[in-house]
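As given, the protein sequences belong to chains A and B, one line each in that order.
For the first sequence, the positions run 1 to 315 when my numbering is used.
For the second sequence, the positions run 1 to 330 when my numbering is used.
Source of the hints: derived by calculation from the structure; they are not laboratory data.
Using N, Cα and C, we set each Cβ at its ideal position, and we do this for glycine too.
Heads up, a few of these hints could be off.
[Claimed, not checked] Residues from chain A that face chain B, not an exhaustive set, calculated with beta carbons under 8 Å:
#1 A30
#2 L113
#3 I114
#4 F139
#5 L153
#6 I154
#7 T208
#8 V295
#9 V300
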Amino acid sequence: MGRYLIRRLLISVVTLIAISVILYLIMFLAPGDPLGELATNPNVPPEVQQRIRESYGLDDPFYIQYFKWAEAYFLRLDWGESFTARVPVRDYVLDRIPVTLWISGTAYLLSILIAIPVGTLSAIKQYSVFDNVATTAAFIGFSIPTFFSGLLLIIIFSIQLDWLPFVYTSTREGIWPNIQQSIMPITVLALFSAAQLVRFVRASMLETINQDYVRTARAKGLKESAVIVRHSLRNALIPVVTIIALQLPTVVGGAVITEQIFRVPGLGSALISSILASDIPVVMAITFGVSILVVLFNVVADILYATLDPRIKYD
Amino acid sequence: MAREEQVAKATATSQSTLAAAAGDRGGISRVRKQRSLWGNAWQQFRKHKLAMAGLVVFVTFLLAVLLLPLVYTVEVNAPYDYDISAGPSLDRLMGTDSLGQDVLARILFGGRISLSVGLVAAFVAITIGTLIGALAGFFGGATDSILMRVTDMFISLPQLPLLLLITFLFRDSMVDFFDENFDNGTLGIFILIVLVIGLLAWMPTARLVRASFLSVKEKEFVEAATSIGATRTSLIAKHILPNVLSPIIVAATLQVGAAIITESSLSFLGLGFPSDVPTWGQMLNRARDYLGINMWEAIFPGTMIFLTVLAINYMGDGLRDALDPRKSGG
Numbered sequence: 001m002g003r004y005l006i007r008r009l010l011i012s013v014v015t016l017i018a019i020s021v022i023l024y025l026i027m028f029l030a031p032g033d034p035l036g037e038l039a040t041n042p043n044v045p046p047e048v049q050q051r052i053r054e055s056y057g058l059d060d061p062f063y064i065q066y067f068k069w070a071e072a073y074f075l076r077l078d079w080g081e082s083f084t085a086r087v088p089v090r091d092y093v094l095d096r097i098p099v100t101l102w103i104s105g106t107a108y109l110l111s112i113l114i115a116i117p118v119g120t121l122s123a124i125k126q127y128s129v130f131d132n133v134a135t136t137a138a139f140i141g142f143s144i145p146t147f148f149s150g151l152l153l154i155i156i157f158s159i160q161l162d163w164l165p166f167v168y169t170s171t172r173e174g175i176w177p178n179i180q181q182s183i184m185p186i187t188v189l190a191l192f193s194a195a196q197l198v199r200f201v202r203a204s205m206l207e208t209i210n211q212d213y214v215r216t217a218r219a220k221g222l223k224e225s226a227v228i229v230r231h232s233l234r235n236a237l238i239p240v241v242t243i244i245a246l247q248l249p250t251v252v253g254g255a256v257i258t259e260q261i262f263r264v265p266g267l268g269s270a271l272i273s274s275i276l277a278s279d280i281p282v283v284m285a286i287t288f289g290v291s292i293l294v295v296l297f298n299v300v301a302d303i304l305y306a307t308l309d310p311r312i313k314y315d
Numbered sequence: 001m002a003r004e005e006q007v008a009k010a011t012a013t014s015q016s017t018l019a020a021a022a023g024d025r026g027g028i029s030r031v032r033k034q035r036s037l038w039g040n041a042w043q044q045f046r047k048h049k050l051a052m053a054g055l056v057v058f059v060t061f062l063l064a065v066l067l068l069p070l071v072y073t074v075e076v077n078a079p080y081d082y083d084i085s086a087g088p089s090l091d092r093l094m095g096t097d098s099l100g101q102d103v104l105a106r107i108l109f110g111g112r113i114s115l116s117v118g119l120v121a122a123f124v125a126i127t128i129g130t131l132i133g134a135l136a137g138f139f140g141g142a143t144d145s146i147l148m149r150v151t152d153m154f155i156s157l158p159q160l161p162l163l164l165l166i167t168f169l170f171r172d173s174m175v176d177f178f179d180e181n182f183d184n185g186t187l188g189i190f191i192l193i194v195l196v197i198g199l200l201a202w203m204p205t206a207r208l209v210r211a212s213f214l215s216v217k218e219k220e221f222v223e224a225a226t227s228i229g230a231t232r233t234s235l236i237a238k239h240i241l242p243n244v245l246s247p248i249i250v251a252a253t254l255q256v257g258a259a260i261i262t263e264s265s266l267s268f269l270g271l272g273f274p275s276d277v278p279t280w281g282q283m284l285n286r287a288r289d290y291l292g293i294n295m296w297e298a299i300f301p302g303t304m305i306f307l308t309v310l311a312i313n314y315m316g317d318g319l320r321d322a323l324d325p326r327k328s329g330g
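With the hints as extra help, turn the sequences into a complete structure.
As structure tokens, this is what we get:
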């Protein structure tokens, strides 16, 4: 396990370096001036523009720029300054993490809490009315894109019923108004990921309830609840836990659209606005941050899998 | 003349006798009619009611966006100025949008784009995935580990952010390039979007195809083909690939739905097609600011995306059951 872990981490580092080169290359090859609005602003004289270009090293060849960037980025943790907000990218990004964590985190937690009991019950009572309703709902849930379910919720709960605000503002005071404005974005995200998880839990559960050891447990006279929870569910959850870890970064990435619909001032909407404003340092920080999460949680998923399932042996 | 008639009659009789004889012999074969592999799969697929419903819906939509614009000739970008943001009526079946344009006409036109982006992007993803998976699974060794490392790296790329970024950065130059050279800027965006979606979606297929190749290449019939001197290319394309086609078909189907959602997300965020080229996602993007005035402007295109993707996903589900050799045969 130890040697496996070291090899796995080394591969992750190499993967991340490769990803950073690709991301940097995309930005480097992109047409248009990286200075964005500064370059076209007539109030900024050419000498100043030239000085800015030099200070960013924009005229150097690709590999020099990449190494300079990588050195600052990884060794000095200096992520540059946002072109538009004129604050260090680190502060800009860190400021927006709590909102995204609150919305996406709560949504993901909720989806797990919904998916595990529903998926389990669905599998135990396969082909029952409950199972049919649950599988159909799950199918609908992941076929309906978040931008449409979000708009539908706004139409129903903000416009027709006038119960919930559809614009999220960070200046709202008090606990209830804050919960109130979070209900719709959390619901949209939670339903979407719950729909996917339910299918995993159900499939995984169906595989375990026909195993010999479950029959043995039943044959030796255990209570049905013990058979289901202690013998089937515990084993069925091993692949589910892995999926949960693997999907976590995509939930953060998927929050992009939901945040955009409800104008939640989190990482997702920061990504969109910085892309539209060609604010490269911010785009780079968020995109690369998500990559780090993906790679990290891949390793976490592997470790979880090996720890939870003693049959898996890495060497 | 008469002789010709006689000959004709003679041939006719001889043919009917032959047919009768064949019928006699075919008595048994008619009872146990030989069904092909695909016939079997179709029989199985037809039993899956929701998958059939999905197929019907999908084909209906496909025909509607292809044929209806020939009959329903309202201009896509022409403002219907005295009646903006109107709900559905007998005159305008799906109402008009905030610019007074006809929503039904835009849905039909947008459907062509959304569906073709879905189909072509899925084709790109499946082709790349199959190629990489086949090479990795067939050759193994160093080829395999290099290709799988590349696959792993692509899986770790942040899909949606990259998609947004690449389309944003390269959109204008693609439009200019295609405008100059082919007099069609929209084609440039189409190609860009299809390529980017495809390039960021091939990885699951590659893993799937590799795994299938690994197991099939050890089978006796592959050994037999090798021993009679089949070349590597024919081994891959003629002997192994047809045997791993089922999971590829299922993946391709689901990929179409995923690609439609991806394109709609891009357009919804204002980073897909320009606003004079309506797609379902782009119509939603415009409608979201007028939800209080005319919610139908959002409901119609949104429902189209939802129903299309739902239909495709059910088809994928049905295909998975139909093509699973463990389930068929009954």
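Taking the hints in turn, this is what the structure says about them:
The closest approach between the C-beta of A/A30 and any C-beta of chain B is roughly 4 Å, which is under the 8 Å cut-off, so the hint is satisfied. Among the interface hints, the one on A/L113 is violated; its C-beta lies about 25 Å from the nearest C-beta in chain B, farther than the 8 Å criterion. Annotation: A/I114 was flagged as interfacial toward chain B, and the flag is violated, the nearest CB pair being 20 Å apart, outside 8 Å. Against a cut-off of 8 Å between C-beta atoms, the interface hint on A/F139 holds, since the closest Cβ of chain B lies about 6 Å away.
Annotation: interface hint on A/L153 violated; nearest CB of chain B at approximately 11 Å, more than 8 Å. Evaluation of the A/I154 hint against chain B yields a held restraint, the C-beta minimum of about 6 Å falling below 8 Å. A distance limit of 8 Å between C-beta atoms decides the matter here; for A/T208 the minimum to chain B is near 19 Å, and the interface restraint is violated. Using the Cβ-Cβ criterion of 8 Å, the hint placing A/V295 at the interface with chain B is satisfied: the shortest such distance is roughly 5 Å.
Look at A/V300: its Cβ only gets to about 13 Å from chain B, farther than 8 Å, so that hint breaks.
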